[in-house]
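Starting from the given sequences, assemble the full structure and let the hints guide the process.
Number of protein chains: 2
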Amino acid sequence: MAAPRPTPGRRGRGRPAGDSDTRPAILAAARNCFAERGYDRATIRDIAATAGVDPALLHHHFGTKHELFLAAMRLPIDPTDIVRGLLAGDPDRLGERIVDTFLTVWDSPAGAALAGMVRSAVSHEPSSRMLSEFMATSVLAPVVKQLGVRDAKMRVSYVASQLFGLALVRYILRLEPLASAKRDRVVTDVAPSIQRYLTEPFTR
Amino acid sequence: MAAPRPTPGRRGRGRPAGDSDTRPAILAAARNCFAERGYDRATIRDIAATAGVDPALLHHHFGTKHELFLAAMRLPIDPTDIVRGLLAGDPDRLGERIVDTFLTVWDSPAGAALAGMVRSAVSHEPSSRMLSEFMATSVLAPVVKQLGVRDAKMRVSYVASQLFGLALVRYILRLEPLASAKRDRVVTDVAPSIQRYLTEPFTR
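From first to last, the protein sequence lines are chains A and B. Each residue of the first sequence is one higher than the one before, starting from 1 at the first, in my numbering. Each residue of the second sequence is one higher than the one before, starting from 205 at the first, in my numbering.
Any given hint might turn out to be false.
What the simulated footprint calls covered on chain B by chain A, stretch by stretch (three residues with Cβ under 8 Å from a Cβ of chain A suffice, anywhere in the stretch; the number is not a length) [stated by the list, open to error]:
1. 298–305
2. 336–344
3. 372–380
4. 388–402
Over the 12 Å line for every Cβ pair with chain B, so calculated as not near, a few chain A residues [said to hold, decoys possible]:
5. Pro24
6. Arg37
7. Thr50
8. Glu67
9. Ile77
10. Asp78
11. Thr80
12. Val83
13. Leu87
14. Arg119
15. Glu133
16. Ala136
17. Lys145
18. Ala181
19. Pro192
Keep in mind that the hints were calculated from the coordinates and are not lab data. Glycine residues also receive a C-beta, built at the ideal position from the N, C-alpha and C atoms.
Written out as structure tokens, the structure is:
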């Protein structure tokens with residue numbers, strides 16, 4: 001992932017030269033505000049005030065709060081884009097697509113950045129809250145809406161638990177034999193659990 | 205769990221008074237050696253040498269390497285004891301017993317200590333390796349042996365992934381609605397995944 005900080009040679013979009021100084025200040029202010037207030041309560045207006053800039057400049061540089069969060073956290077991918085793609089295909093193979101995509105991203109160079117993000121979210125209380133609010137509001141809520149099943153929020157929590165656990169055991173704790181297992185095998189074995197969480201009736 | 209450090213009122217086993225000073229040194233040496241060499245390669249002899257005591261004293265105070273690890277990491281429970289109890293009952297309800305026991309322990313006062321251990325294992329590379337080696341050698345290997353199914357090691361990795369993920373989402377990231385869901389409900393919903401990982405044939 002490219003660093004969000006612009007370098008003189010790579011800007012060239014005709015913005016005034018002073019702009020390049022405000023981006024790092026805005027990103028630092030965003031990290032502070034998100035950590036302090038959580039994702040849901042931190043506003044673009046708060047962050048602009050903390051950075052000492054006009055909210056319009058912040059919108060100009062980063063777009064929405066969602067996009068600002070991705071930049072401030074240096075997230076290598078936008079989970080919303082991925083989720084949108086996954087939901088587009090055959091609902092009976094959704095579990096398979098989810099596990100395959102999840103492992104493909106973690107096996108790619110982006111995996112190291114994701115591992116860093118999970119490490120920090122787990123070890124640091126405000127980061128945990130920030131990440132879980134972002135996940136709930138910005139990633140999971142659209143899935144729940146589109147799934148149209150009963151208990152959708154709970155189902156998505158279970159999916160998150162299995163996927164986070166897979167990342168933890170395979171990529172962070174590196175517990176064998178899961179750490180070295182072929183991706184296709186893990187997809188085949190884990191997909192039915194994800195599919196069950198998403199679409200099969202719960203016995204209760 | 206009782207703290208491993210003896211207090212004057214509770215010792216009374218007629219040991220020389222000097223002993224109480226060596227326990228903290230042994231535990232500190234154990235933490236260093238486990239972190240530096242991993243669980244498998246750190247030996248009682250190494251740890252005794254680091255603490256500057258005789259290995260016999262170390263055995264006297266702590267028993268086996270497994271027990272020394274539990275004391276050094278301040279683990280509130282011995283996972284081996286729990287696992288032994290779980291494996292004793294009806295194999296068709298093993299998934300249910302595992303999830304129920306796992307959540308009961310995390311919901312108890314021991315949960316805070318476990319959360320601390322997971323936070324440190326995730327954020328600190330040597331702690332990750334140490335914990336995963338301990339899990340593999342001392343907790344999972346006996347399960348694998350007793351299960352007597354094909355792919356037992358892989359199956360146990362999947363169980364670990366679902367359980368760790370549940371702990372992460374419910375107790376550490378506290379993602380709703382899973383964070384506030386009733387334990388019985390979570391047991392009913394997650395048990396079939398655990399049961400499938402342990403005993404059902406994988407389609408491949």
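Verification of the supplied hints:
Check on the segment 298–305 of chain B: 0 of its residues sit with their Cβ under 8 Å from a Cβ of chain A, so the three-residue criterion for coverage is violated. Against chain A, the segment 336–344 of chain B contributes 3 residues with a C-beta closer than 8 Å to a partner C-beta. That satisfies the three-residue criterion, and the hint holds. Counting residues of the segment 372–380 of chain B whose CB lies closer than 8 Å to any CB of chain A gives 8, so the stated coverage by that chain holds, three being the minimum. With a cut-off of 8 Å between beta carbons, the segment 388–402 of chain B has 8 residues touching chain A; three or more are needed, and the interface restraint holds.
Its beta-carbon lying about 25 Å from the closest one in chain B, proline 24(A) satisfies the requirement of being farther than 12 Å from that chain. At roughly 16 Å from the closest C-beta of chain B, the C-beta of arginine 37(A) stays outside 12 Å, upholding its exclusion from the interface. Its beta-carbon lying about 25 Å from the closest one in chain B, threonine 50(A) satisfies the requirement of being farther than 12 Å from that chain. Every CB of chain B lies more than 12 Å from the CB of glutamate 67(A), the least distance being 22 Å, so the non-interface label holds.
Against the 12 Å criterion, isoleucine 77(A) stays outside the reach of chain B, whose nearest CB is about 19 Å from its own CB. Remark: the non-interface label on aspartate 78(A) is consistent with the geometry, its nearest Cβ contact in chain B lying 19 Å away (cut-off 12 Å). The Cβ of threonine 80(A) sits about 17 Å from the closest Cβ of chain B, beyond the 12 Å cut-off, so the non-interface label holds. Interface exclusion of valine 83(A) from chain B stands, the closest Cβ pair being 15 Å apart, more than 12 Å.
Once the 12 Å rule is applied to beta carbons, leucine 87(A) is consistent with being away from chain B; the minimum gap is 19 Å. The non-interface label for arginine 119(A) is inconsistent with chain B: the shortest C-beta to C-beta separation is roughly 5 Å, within 12 Å. At the 12 Å boundary, the C-beta of glutamate 133(A) falls inside the reach of chain B, the nearest C-beta of that chain being 9 Å off. For alanine 136(A), the requirement that its beta carbon stay farther than 12 Å from each beta carbon of chain B is not met, with the minimum near 6 Å.
The non-interface label for lysine 145(A) is consistent with chain B: the shortest C-beta to C-beta separation is roughly 15 Å, beyond 12 Å. Taking the minimum C-beta to C-beta distance to chain B, about 7 Å, the non-interface status of alanine 181(A) is violated against the 12 Å cut. At roughly 7 Å from the closest C-beta of chain B, the C-beta of proline 192(A) falls inside 12 Å, breaking its exclusion from the interface.
Checked against the numbered hints above, the structure violates hints 1, 14, 15, 16, 18, 19; every other hint is satisfied.
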